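J.: Go ahead and model the full structure; you've got the sequences and the hints to work with.
In order, the protein sequence lines correspond to chains A and B. Mapping of the first sequence onto the numbering used here: position 437 corresponds to residue 437, and the numbering continues sequentially without gaps. Mapping of the second sequence onto the numbering used here: position 444 corresponds to residue 444, and the numbering continues sequentially without gaps.
Keep in mind that the hints were calculated from the coordinates and are not lab data. One or more hints might be untrue.
Which copy? The list can't say, so a pair holds if one copy fits it or any two copies do.
Keeping only pairs whose Cα atoms sit at most 25 Å apart, straight-line, the calculated DMTMM-like set for lysine to aspartate or glutamate is [to be verified]: (1) Lys414 - Asp359; (2) Lys111 - Glu408; (3) Lys250 - Asp314; (4) Lys111 - Glu87; (5) Lys414 - Glu319; (6) Lys374 - Asp359; (7) Lys291 - Glu319; (8) Lys414 - Asp314; (9) Lys106 - Glu540; (10) Lys121 - Glu87.
Everything numeric in this text was worked out from a predicted model, so none of it was measured.
Chain by chain, the residues:
Protein chains: 2
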Amino acid sequence: MSALRILPLGGLGEIGKNMTVVEYDGRIVLVDVGLRFPTADMMGIDLVLPDFAYLRDRVDDIEGIVVTHGHEDHLGCLPWLLRELGETSIPAVYGGRLTMAMARSKLDEHKLRETPLEDVKPGEQIDLGPFSMELIHMTHSIPDSMAVALTTELGTVLVTGDYKFDQTPVDGVPADVSRLAELGRDGVLVLCGDSTNVDRPGFSPSESGVGPHLEDVFSRCEGRIVVTSFASNIHRVQQVIDAAAALGRKVALVGRSMRKNVNIGRQLGHIEVPEGLLLPPREIDDFPDHKVVVISTGSQGEPLSALRRMAHRDHPQVELHNGDTVVFSATPIPGNERAVNETVDRLYHIGCDVITARDAPVHASGHGYAEEVKLMLNLVRPRYVFPFHGDHKRIHLHGQLAEAVGIESDAIFKGENGLPLEVDERGARFAAHEQSGMIFVDGVDLGDPADVALRDRRMLSADGIFVVVATVSEQDGESVAPPEVIFRGVPAQDEPDDALVDEICDVVEASLDRAARDEIREIDLLQQLLHDDLAAFVYERLRRRPMVLPVVVEV
Amino acid sequence: MSALRILPLGGLGEIGKNMTVVEYDGRIVLVDVGLRFPTADMMGIDLVLPDFAYLRDRVDDIEGIVVTHGHEDHLGCLPWLLRELGETSIPAVYGGRLTMAMARSKLDEHKLRETPLEDVKPGEQIDLGPFSMELIHMTHSIPDSMAVALTTELGTVLVTGDYKFDQTPVDGVPADVSRLAELGRDGVLVLCGDSTNVDRPGFSPSESGVGPHLEDVFSRCEGRIVVTSFASNIHRVQQVIDAAAALGRKVALVGRSMRKNVNIGRQLGHIEVPEGLLLPPREIDDFPDHKVVVISTGSQGEPLSALRRMAHRDHPQVELHNGDTVVFSATPIPGNERAVNETVDRLYHIGCDVITARDAPVHASGHGYAEEVKLMLNLVRPRYVFPFHGDHKRIHLHGQLAEAVGIESDAIFKGENGLPLEVDERGARFAAHEQSGMIFVDGVDLGDPADVALRDRRMLSADGIFVVVATVSEQDGESVAPPEVIFRGVPAQDEPDDALVDEICDVVEASLDRAARDEIREIDLLQQLLHDDLAAFVYERLRRRPMVLPVVVEV
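T.: Put into structure tokens, the structure is as follows:
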């Protein structure tokens with residue numbers, strides 16, 4: 001028998017961009033295709049993908065892609081991957097019904113319609129070459145979350161995906177512990193388990209406990225209420241809707257992804273909205289403050305999200321004021337703390353009251369705590385433990401939990417991206433490093449996402465760099481000096497071309513005029529706007545994607 | 001009688017750079033002269049100062065500067081301020097003995113020796129024009145912390161500085177509550193109080209409770225122990241030393257500011273080190289692991305700090321390995337979470353165990369919690385409350401605490417930087433905004449800090465911008481392509497001069513060679529190094545300080 005190889009291309013030593021290659025007998029199943037959001041110092045970058053160069057020469061060996069659930073850090077890379085590897089070269093993508101609906105919506109935006117997307121029910125056995133694949137129903141902060149069991153003649157690999165053992169989920173269907181126990185009894189070779197909350201003792205609180213707390217908080221609010229949460233947290237949105245309905249408030253959905261996900265959720269029956277409850281955002285001002293709940297994107301303080309714009313008094317439909325309450329029904333993903341704190345502080349400055357998960361139990365994590373991770377280990381009783389989905393600290397602590405339930409330390413493999421675990425009849429060991437890393441995406445909103453370029457570090461230097469210094473008045477945000485335009489390394493454009501520079505200056509001036517009119521004054525937002533307008537223009541004009549660094553100076 | 005004006009130039013709507021102008025009868029006392037550290041998106045900036053343009057035309061009106069304690073966010077701006085306003089134009093700087101010793105050391109580095117620094121004992125009355133100034137002993141995470149009472153014929157302004165009501169401080173001298181009560185009985189007009197921990201319920205734990213927990217943690221460690229904390233937290237360093245001594249371990253001090261502050265602390269009798277306990281860092285490897293405690297800077301994950309370098313396996317004296325334990329005896333200042341988490345995760349990756357304040361009570365905050373803020377309000381019973389030292393959220397919550405102890409809401413003034421509070425016999429009100437904001441310092445280590453330029457946003461455009469793109473090998477960090485050099489807006493250098501570009505390329509290559517030799521591979525560190533070398537070179541050559549943006553591309 002040949003060896004089984006498990007190669008994580010993302011998700012180890014970090015939180016985000018989960019992607020794992022499972023190989024047996026020369027054939028590949030890819031589990032999850034996620035992305036990550038950039039950190040503040042990755043200027044001009046909108047998304048970070050796992051480097052999947054390893055798959056380029058192996059495309060013909062891919063039997064299929066399995067996606068555990070519809071979150072961006074497990075699904076978001078799919079369009080880029082299909083585009084780069086060729087959408088007809090992947091036999092099919094498999095996942096739960098909601099996951100596939102979200103994948104379809106995403107691929108539609110990218111005009112990728114050639115790859116079959118297969119809805120899989122928990123318990124179905126799907127043959128993928130030498131693998132038999134089965135999904136196991138789990139609970140998480142999005143419906144249709146699944147663990148994946150991949151069985152070969154050597155044994156079974158179980159990738160848990162993200163999970164918690166919620167005994168009272170909002171849809172009434174807890175994780176399928178009996179199937180997990182059955183797999184454990186039959187023998188699981190390798191368990192690749194979620195490590196996100198291994199550092200939290202005890203059990204995570206149930207999602208259905210959040211609703212009553214939301215209603216309690218709402219009942220004490222006199223002005224408008226804005227609730228922000230992840231748009232994909234469909235059961236949370238349901239609970240906000242229920243609490244609003246119970247208190248006689250209308251609900252407005254604000255933010256593109258919020259409206260999109262609620263639509264998909266309604267179509268698939270995951271969310272029920274009472275007749276006449278929804279309010280189009282433009283009609284918010286027609287209702288008295290105490291009759292409105294706004295559900296908004298922006299829980300992570302994302303630069304151009306609806307809530308961030310409200311906090312900057314810069315949202316076209318929702319103008320917040322003294323007496324309004326903003327409820328953060330989400331916690332910051334590590335790395336987003338500063339953006340979230342800044343948003344919270346601006347809301348206080350406007351005079352809003354802000355309720356976060358520190359003030360009231362208005363959020364429940366979708367990831368199981370330490371006791372749940374131990375329960376998973378005890379149910380599955382794996383031969384080898386390969387902690388997934390966590391930074392080095394969490395991987396280390398996951399290992400400690402495994403030892404605590406009696407697994408020998410030499411059966412616990414603390415890995416990193418690019419380091420494949422090889423298992424055969426003689427045992428398990430790490431093999432030689434494969435290429436792994438980050439690919440940056442400059443996801444400028446061009447209308448046609450197919451035009452957006454992938455860019456890895458190599459390409460940064462190949463496409464050149466492009467710096468624009470704009471000088472604006474601190475008083476009114478108007479441009480007060482001609483922009484400085486600098487570009488270097490852009491092929492065929494090494495010497496600045498005066499006509500192009502003039503055109504770019506026009507673009508900058510137009511952007512700034514628009515920003516001044518819309519009263520967008522915060523430097524971060526201005527830079528984002530300039531970046532988007534400039535990158536779109538440069539691509540239009542040169543069919544090149546230099547790195548765009550806008551620098552805004554206030555005088 | 002004229003009006004009393006209290007104008008915060010920093011510290012409101014933010015955490016950091018505290019600076020307040022107190023004016024009466026045309027005369028000024030400046031309370032605190034702090035700075036802030038830059039956030040990740042302020043590339044090429046080392047320090048942020050409050051914009052003190054307001055003082056430029058009023059220099060002759062300044063009676064003196066009072067510094068409440070020696071932390072950078074209260075003292076750090078002093079050299080820049082003296083340099084800009086003229087060191088002989090400030091009559092004197094006042095503060096506790098340790099505060100003045102730290103000020104002297106700081107001014108010495110800047111070769112500023114003309115301004116008198118006056119040690120003031122608590123209770124002494126100092127006449128400063130129309131003001132009578134008195135310091136009141138407080139407890140905080142640095143010795144010699146004081147509140148400042150400024151009395152005029154109109155009444156008393158009390159600026160608390162940073163404080164907690166520690167009933168068992170390490171030096172045995174609690175805050176002078178009886179003097180605060182006396183001031184309250186005589187009548188305090190305005191209380192300007194610390195808001196840092198108003199969002200934490202109850203009382204803060206005592207500093208002296210930390211020592212036994214440190215000893216307890218140490219006693220379970222088998223390898224080396226590295227403790228990181230603020231270098232100025234002298235009582236904490238004392239407790240680490242005591243715990244090490246109790247367990248028969250030697251102590252090595254690593255990091256320039258750690259050695260400097262321990263020296264000052266020893267000279268002033270704030271810290272006692274048993275004979276023969278200290279170990280020079282270069283001798284660490286001569287002792288067995290279980291006989292060593294290293295006290296290190298870097299608790300905030302600062303880019304070139306000792307601990308960050310250890311975490312990158314890049315410290316000349318301390319090479320950490322499996323079995324070592326790193327104790328974070330400090331919590332991240334808001335905004336530093338990501339840098340701290342990254343450092344912690346690298347330590348786990350090396351195989352170290354990491355203990356933070358989440359794992360064991362190895363830290364106590366220096367700022368009082370909600371009940372202590374209420375106690376201050378009840379002791380002082382001010383006519384008006386002007387919450388200081390906090391973002392808008394904390395200022396808002398401080399106002400709620402004041403209302404909770406019975407202060408009328410119209411006597412609570414929620415301010416912001418640049419907004420002066422005016423008080424006269426008729427009442428108190430905010431007056432017209434004055435100029436306030438940020439000044440950036442590019443604190444390149446040039447040997448001679450007097451050469452370092454202040455730079456406000458205006459000057460950014462005046463001095464131009466300067467981008468260097470370096471391309472290095474991912475394998476060994478060697479430079480693999482000639483650097484791209486771009487500069488624009490640098491006066492008299494608008495057209496790149498080939499000779500200069502060549503020289504700059506040489507500087508970049510030399511920096512990268514050095515980094516490759518020292519195995520500095522992390523992009524952040526490389527960029528920092530390039531930035532420092534380039535900025536120093538450009539200043540040397542052009543006597544200009546364009547903004548320097550190094551971009552390192554790995555291929």
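J.: Does each hint fit the structure? Answer for all of them.
T.: Here's how the hints hold up against the structure:
no., hint, result
1, Lys414 - Asp359, "between (36 Å within a copy, 22 Å between copies)"
2, Lys111 - Glu408, "neither (49 Å within a copy, 62 Å between copies)"
3, Lys250 - Asp314, "within (23 Å within a copy, 58 Å between copies)"
4, Lys111 - Glu87, "within (11 Å within a copy, 67 Å between copies)"
5, Lys414 - Glu319, "between (49 Å within a copy, 22 Å between copies)"
6, Lys374 - Asp359, "between (29 Å within a copy, 20 Å between copies)"
7, Lys291 - Glu319, "within (15 Å within a copy, 62 Å between copies)"
8, Lys414 - Asp314, "between (46 Å within a copy, 23 Å between copies)"
9, Lys106 - Glu540, "within (24 Å within a copy, 53 Å between copies)"
10, Lys121 - Glu87, "within (24 Å within a copy, 77 Å between copies)"
Hint 2 from the list above is the single one not met by this structure.
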